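K.L.:
All chains should be built: construct the whole structure from the sequences, respecting the hints.
My numbering puts the first residue of the sequence shown at 1476, with every later residue one more than the last.
Hints in this document: simulated from the structure, not taken from any laboratory.
Incorrect hints may have been included.
[Claimed, not checked] In silico SDA-like links for lysine to any residue, alpha-carbon gap of 20 Å or less:
#1 Lys1539 / Trp1525
#2 Lys1539 / Gly1526
#3 Lys1539 / Leu1521
#4 Lys1542 / Gly1527
#5 Lys1542 / Phe1528
#6 Lys1539 / Ile1522
#7 Lys1541 / Ile1552
#8 Lys1541 / Ile1522
#9 Lys1541 / Trp1525
#10 Lys1539 / Asn1529
#11 Lys1539 / Ala1550
#12 Lys1539 / Phe1528
#13 Lys1539 / Gly1527
#14 Lys1542 / Ala1562
#15 Lys1542 / Ser1560
#16 Lys1541 / Leu1530
#17 Lys1542 / Ser1559
#18 Lys1541 / Phe1528
#19 Lys1541 / Ser1559
#20 Lys1542 / Ala1570
#21 Lys1542 / Leu1558
#22 Lys1542 / Gln1565
#23 Lys1541 / Gly1526
#24 Lys1542 / Leu1530
#25 Lys1542 / Thr1519
#26 Lys1542 / Ile1563
#27 Lys1539 / Ile1524
#28 Lys1541 / Asn1529
#29 Lys1542 / Trp1525
#30 Lys1539 / Ala1555
#31 Lys1539 / Phe1523
#32 Lys1541 / Ile1557
#33 Lys1541 / Ile1524
Given the structure is predicted, the values throughout are model-derived calculations rather than measurements.
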Amino acid sequence: APLVALAAGSTLLPPFGTATTQQEPVLIIATIIQVLLGFVGAVTLLIFIWGGFNLIFSGGEAEKIKKAQSTLLWAVIGLAIILSSYAILQYTFNALKIVSGGT
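P.N.:
Shown next, in the form of structure tokens:
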């Protein structure tokens, strides 16, 4: 089973066998970046869920609520950074025409 499943698909990498030999190192780097972003996104989702559970089960204690809110805030900030990183990489690869898109 794949490590990362994207509902909308991914345009960062073309299908296998469509790259030229000059693009192969770049595609390897792009693949590594894509996998890392997917992994970090999954970890961020788990942290967000953890913060939600902590908030729900805080029992009304102010200190626990504050800690859970901080966890949720940092998870959202992390997700924003991850999505921004992906968008910047996508724009850069498209602008430099590094990835042909397989068409």
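K.L.:
Each of the hints needs a verdict: does it hold here or not?
P.N.:
For each hint, the structure was consulted:
1. With a CA separation close to 13 Å, the supplied pair Lys1539 and Trp1525 stays within the 20 Å bound.
2. Proposed proximity of Lys1539 and Gly1526 is supported: the alpha carbons are some 10 Å apart, at most 20 Å.
3. Our distance criterion of 20 Å between C-alpha atoms is met by Lys1539 and Leu1521, whose separation comes to about 18 Å.
4. A hinted pair counts as satisfied when its Cα atoms are at most 20 Å apart, and Lys1542 with Gly1527 qualifies at roughly 11 Å.
5. With a C-alpha separation of about 12 Å, the suggested pairing of Lys1542 with Phe1528 holds against the 20 Å cut-off.
6. With a C-alpha separation of about 15 Å, the suggested pair Lys1539 and Ile1522 falls inside the 20 Å cut-off, and the hint holds.
7. Taking the CA atoms of Lys1541 and Ile1552, the gap is about 16 Å. The hint holds against a cut of 20 Å.
8. The suggested pairing of Lys1541 with Ile1522 holds, with an alpha-carbon distance near 15 Å, which does not exceed 20 Å.
9. This hinted pair checks out: Lys1541 and Trp1525 have alpha carbons roughly 14 Å apart, not beyond 20 Å.
10. Taking the CA atoms of Lys1539 and Asn1529, the gap is about 7 Å. The hint holds against a cut of 20 Å.
11. Annotation: proposed proximity of Lys1539 to Ala1550 holds, straight-line Cα distance about 16 Å (limit 20 Å).
12. Using a Cα cut-off of 20 Å, the hinted pair Lys1539 and Phe1528 holds, with the two alpha carbons roughly 11 Å apart.
13. A hinted pair counts as satisfied when its Cα atoms are at most 20 Å apart, and Lys1539 with Gly1527 qualifies at roughly 11 Å.
14. Among the hinted pairs, Lys1542 with Ala1562 is inconsistent with the structure: their alpha-carbon atoms are about 30 Å apart, more than 20 Å.
15. Proposed proximity of Lys1542 and Ser1560 is contradicted: the alpha carbons are some 27 Å apart, above 20 Å.
16. A distance of roughly 8 Å separates the Cα atoms of Lys1541 and Leu1530; the hinted pair therefore holds under the 20 Å criterion.
17. Proximity of Lys1542 to Ser1559 is assessed by CA-CA distance (about 26 Å); at most 20 Å being required, the pair is judged violated.
18. A hinted pair counts as satisfied when its Cα atoms are at most 20 Å apart, and Lys1541 with Phe1528 qualifies at roughly 13 Å.
19. Distance hint between Lys1541 and Ser1559 is unfulfilled; the C-alpha atoms sit about 27 Å from each other, more than 20 Å.
20. With a C-alpha separation of about 42 Å, the suggested pairing of Lys1542 with Ala1570 is violated against the 20 Å cut-off.
21. Distance check on the hinted pair: Lys1542 and Leu1558 sit about 24 Å apart at the alpha-carbon level, beyond 20 Å; violated.
22. For the proposed pair Lys1542 and Gln1565, the alpha carbon gap of about 35 Å is over 20 Å, so the pair is violated.
23. Between the alpha carbons of Lys1541 and Gly1526 the distance comes to roughly 10 Å, so the proposed pair stays at or under 20 Å and holds.
24. This hinted pair checks out: Lys1542 and Leu1530 have alpha carbons roughly 8 Å apart, not beyond 20 Å.
25. Between the alpha carbons of Lys1542 and Thr1519 the distance comes to roughly 16 Å, so the proposed pair stays at or under 20 Å and holds.
26. At most 20 Å may separate the alpha-carbon atoms for a hinted pair to count; Lys1542 and Ile1563 exceed this at roughly 31 Å.
27. Between the alpha carbons of Lys1539 and Ile1524 the distance comes to roughly 15 Å, so the proposed pair stays at or under 20 Å and holds.
28. With a CA separation close to 10 Å, the supplied pair Lys1541 and Asn1529 stays within the 20 Å bound.
29. Restraint check for Lys1542 and Trp1525: the C-alpha separation of about 11 Å stays at or below 20 Å, so the hint holds.
30. Distance restraint check for Lys1539 and Ala1555: the Cα-Cα separation of roughly 24 Å exceeds the 20 Å cut-off, and the hinted pair is therefore not satisfied.
31. For the suggested pair Lys1539 and Phe1523, the alpha carbons sit about 15 Å apart, so the restraint of at most 20 Å is met.
32. For a cut-off of 20 Å, the pair hint linking Lys1541 to Ile1557 is broken: about 24 Å separates their Cα positions.
33. Between Lys1541 and Ile1524, the direct Cα distance comes to roughly 16 Å. Compliance with the 20 Å bound is thereby established for this hinted pair.
Hint check: violations occur at hints 14, 15, 17, 19, 20, 21, 22, 26, 30, 32; the rest are consistent with the structure.
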